[in-house]
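**Student:** Listed here are the chains, written in short residue letters.
There are 2 protein chains.
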Amino acid sequence: MLIRGTFVQCPKLGELVILSDWLAAVDDSGYITHFENAESSTSLELQRVRTALILPLGTFLLPPFNDLHLHAPQFLYQGTGLDLSLLEWLHQYAFKAEEKLDRDPVLARTVYRRLGQRLVKAGTGAVCLFGTLKGDTNMILAEEMQSTGIRAYVGKVSMDISSRPSYIEASSSTAVDAARAFGEKIEQTYSVTSQSRPSLVHPVITPRFVPTCSDELLHGLGALSAEKGWRIQSHMAESSDQVEWVRKERGEDDIHIFKKHNLLTSRTIQAHCTFISSSSPPSSKPFVDLHALGTAIAHCPLSNIYFSASRAFPLREALEAQIKIGLGTDIAGGYSLDVMSAMRMAVAVSRIREGERVRTVSSDHGKSLAIDWKESLFLATLGGAQALGIDSGIFTVGAPFDAQQIRLFDPRSGIGAGALDFFELEMVVTKCHEESYKKPDLTEEMIEKWWCIGDERNREAVWVQGVKIFG
Amino acid sequence: MLIRGTFVQCPKLGELVILSDWLAAVDDSGYITHFENAESSTSLELQRVRTALILPLGTFLLPPFNDLHLHAPQFLYQGTGLDLSLLEWLHQYAFKAEEKLDRDPVLARTVYRRLGQRLVKAGTGAVCLFGTLKGDTNMILAEEMQSTGIRAYVGKVSMDISSRPSYIEASSSTAVDAARAFGEKIEQTYSVTSQSRPSLVHPVITPRFVPTCSDELLHGLGALSAEKGWRIQSHMAESSDQVEWVRKERGEDDIHIFKKHNLLTSRTIQAHCTFISSSSPPSSKPFVDLHALGTAIAHCPLSNIYFSASRAFPLREALEAQIKIGLGTDIAGGYSLDVMSAMRMAVAVSRIREGERVRTVSSDHGKSLAIDWKESLFLATLGGAQALGIDSGIFTVGAPFDAQQIRLFDPRSGIGAGALDFFELEMVVTKCHEESYKKPDLTEEMIEKWWCIGDERNREAVWVQGVKIFG
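Protein chains in written order, with the UniProt record's numbering: chain A, 1 to 471; chain B, 1 to 471.
It is possible that some hints are incorrect.
Which copy is meant is left open, because identical chains are indistinguishable; a pair holds if it fits in one copy or across any two.
Claimed, not checked - Within a straight-line C-alpha distance of at most 20 Å, the following computed SDA-like cross-link-like pairs (lysine to any residue) qualify:
1. K121 to G418
2. K367 to L84
3. K100 to I18
4. K100 to E445
5. K374 to S240
6. K96 to V428
7. K248 to A226
8. K121 to R457
9. K285 to E45
By construction, these hints were calculated from the structure, which means they are not laboratory data.
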């Protein structure tokens with residue numbers, strides 16, 4: 001496949017690159033084999049042999065979003081029941097919903113199929129999922145994600161301690177065996193795909209969080225991940241009540257417990273990490289540790305606001321410590337599965353942190369704690385890909401062709417797509433004669449407007465590993 | 001008109017009422033003349049004589065949103081240029097954009113027409129607008145709002161001090177005369193409408209804010225409003241740099257300056273008021289004053305995050321002081337003109353304030369500073385109507401029939417509309433036989449889900465003063 005048009009990406013934090021009239025060649029396995037200006041000699045040679053798909057003006061390709069943290073079964077009750085503290089909420093809503101899906105495979109399939117459809121429409125190309133306790137239900141989740149064509153990291157949840165007696169695994173060894181069996185089944189089922197394409201569905205070792213996992217279970221899961229090379233996800237230091245509970249029950253913090261059981265690795269994504277240090281502002285020591293271990297963080301700003309508003313995640317400090325960080329929607333602790341919403345909320349939360357810093361230290365000197373929209377776009381794309389350990393998130397030779405096609409405006413009328421208006425462009429387009437009319441290039445301001453008010457109506461297509469999965 | 005179905009409203013702060021199978025009768029002037037259960041004897045009698053429009057199950061009527069603060073000309077560059085402090089931003093972006101529209105009536109008409117269309121689709125039934133300096137441009141704004149059928153409070157901006165020499169009125173007396181001429185022209189143009197319906201377009205006295213208005217201008221505008229009974233809007237205590245500037249230049253705070261010029265009245269809406277007191281937490285004294293004066297506040301959470309993140313507006317304290325409060329989108333200081341976004345951001349900002357309170361006082365005792373989604377819905381509907389001094393915002397006999405029709409799901413399939421999913425409903429609907437199937441009533445949780453993730457796709461119609469203006 002050859003595709004020609006404007007490509008937009010964030011090669012590093014805070015940097016936005018607009019490549020006008022560029023050409024990508026994609027091989028049958030879904031990898032980018034060529035990426036250059038469309039008028040370069042090699043690009044022209046390629047276009048002589050094959051016809052390129054040409055994107056209209058006013059449209060661009062961007063890497064799809066990576067959602068690092070989403071509870072698939074909780075999609076059942078997305079957008080309801082956010083009135084409780086985290087631990088009460090888990091007991092009242094989360095465990096019940098997960099148990100319900102484990103009992104009802106028809107409901108599970110309905111929920112997971114819809115989830116896949118909605119994720120793809122929202123431009124999510126890769127998602128790291130918490131599932132439920134039961135292997136079969138998680139196989140349904142894997143099947144539904146596979147059929148959407150999304151990159152899915154599917155976690156069978158492990159827990160041998162529970163506030164809900166009916167929703168628990170029988171013992172630590174049973175739980176470890178179940179995690180092993182699920183992972184092996186996923187690998188057997190999805191290891192070979194057609195056309196020698198890499199598998200897009202992978203298992204993730206998923207201790208729910210420290211309070212629901214005995215030391216024996218955590219130890220077993222750490223060993224299993226080391227043996228198999230499987231990724232790991234969990235929650236770490238999410239809310240103050242959770243942190244205090246762990247300290248009281250176990251005498252240590254999450255980070256020490258995970259670390260001693262070999263669960264903080266370069267294959268690990270830890271959600272939240274909001275209360276990773278008890279000091280305020282948080283010392284950088286735990287971040288130094290995480291960086292050294294290669295462990296990534298899923299920042300979930302919306303659930304930060306709902307479950308741990310007494311402290312915003314110290315995002316700037318974590319970025320300065322060079323930790324791999326991406327965004328998570330945290331359905332249903334967060335109500336929106338749209339990563340655009342997560343980007344906007346991440347900027348909002350960081351701006352409020354910065355406002356508090358300025359007020360508290362009575363000065364606006366020093367490094368700003370606020371991130372801007374371009375930084376949030378990096379987190380949602382390349383940042384998330386790095387956290388997941390995938391080569392996606394950027395257009396470059398050797399990377400898989402993962403992309404979302406965004407339409408900003410109609411080049412003939414200048415009329416914006418969806419919620420977008422570009423009035424000055426409209427006036428120019430209307431006034432100009434066709435022949436003398438200079439083609440409108442995309443500007444950073446146009447991308448910013450999309451970031452602010454764009455929605456699904458601007459998304460025309462999504463590709464993962466070279467395959468069009470939406471549009 | 002008779003309309004029968006489910007009506008949802010917030011008769012007071014924090015209270016949500018779902019009236020299933022209710023009947024409203026609306027007279028030719030657009031007022032509600034009957035509002036009762038659809039099976040009451042009077043309701044049945046009415047339905048014998050006339051056919052009611054029956055809303056399908058899964059659909060409800062809600063009062064439309066009231067947007068208390070929006071800069072119409074700044075819609076030109078909505079969603080861009082939010083990188084500066086307020087005073088720099090006004091100089092770099094806002095004044096330039098307004099001047100541009102004052103020079104180019106074709107552009108102004110294009111921008112204002114689109115604005116009206118987008119407001120109505122977003123469910124905004126009444127909007128309090130800042131315009132530009134030039135009377136003619138504001139007449140275009142009024143015409144476009146009139147043609148959408150929205151309730152429009154149109155403010156010709158007054159300013160005789162400016163950081164942009166080309167964008168200023170010649171003198172305080174010229175400015176007062178221009179405000180008078182504009183207001184009279186609006187009243188003459190829109191005082192009489194067809195079918196003896198009340199006018200929906202009104203002038204608003206609009207001193208931009210203290211820094212751009214001399215004492216003479218403020219004095220003249222206060223006298224003009226008193227003479228004519230016209231509403232007043234301005235910005236008050238928006239950002240720390242603005243407050244400090246006023247103190248330095250004028251030796252007083254905004255509130256004292258506005259008050260002495262008779263600009264804090266029961267017809268006044270002041271946007272922001274974030275820094276209304278220099279103490280932290282703010283003392284309630286200025287709020288007591290505002291309550292006594294009957295002056296309303298437009299809370300604009302998104303621009304609070306962008307222009308004054310060092311302090312969140314003390315919303316809970318203002319509500320406790322019984323001030324009239326509604327929400328404003330503050331285009332383009334806020335990037336979204338959707339009041340649903342303003343509701344979500346208002347809750348988010350208030351939750352972060354509450355989190356800070358809990359952390360700072362090391363206790364979770366005391367009144368929560370956080371508002372919940374139902375409180376935000378009150379602010380967006382009845383709260384805003386009260387601030388505007390209109391009888392809308394609630395369904396009751398004697399009130400104008402202003403409504404938005406929201407579709408949650410298809411009653412035949414249970415499939416959610418737009419972004420919404422109601423899986424358990426879907427399962428029930430699928431399993432049940434048509435004849436034994438109990439009609440699904442709307443629940444508070446369903447409304448909550450819409451509040452969290454609903455969007456324009458859920459909006460099927462909007463009425464203002466009994467006239468359907470959308471759908």
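**Student:** All hints, please: hold or fail.
**Tutor:** The hints, checked one at a time:
1. Proximity of K121 to G418 under the C-alpha cut-off of 20 Å is found in both arrangements, the shortest distances being 14 Å within a copy and 12 Å between copies.
2. Only between protomers do K367 and L84 lie at most 20 Å apart by alpha-carbon distance; the minimum there is 16 Å, versus 35 Å within a single protomer.
3. In the homo-oligomer, the alpha carbons of K100 and I18 never lie at most 20 Å apart, since the shortest distance is 47 Å inside one protomer and 28 Å across protomers.
4. Taking the shortest alpha-carbon separations for K100 and E445, only the inter-copy value of 18 Å comes in at or below 20 Å, while the best intra-copy value is 46 Å.
5. For the homomeric pair K374 and S240, neither the shortest alpha-carbon distance inside one copy (30 Å) nor that between copies (26 Å) is at most 20 Å.
6. In this assembly of identical chains, the alpha carbons of K96 and V428 lie at most 20 Å apart only when taken from different copies (18 Å versus 57 Å within one copy).
7. For the homomeric pair K248 and A226, neither the shortest alpha-carbon distance inside one copy (29 Å) nor that between copies (65 Å) is at most 20 Å.
8. In this homomeric assembly, K121 and R457 come within 20 Å of each other (Cα to Cα) both inside a single copy, at 9 Å, and across copies, at 15 Å.
9. For the homomeric pair K285 and E45, neither the shortest alpha-carbon distance inside one copy (53 Å) nor that between copies (75 Å) is at most 20 Å.
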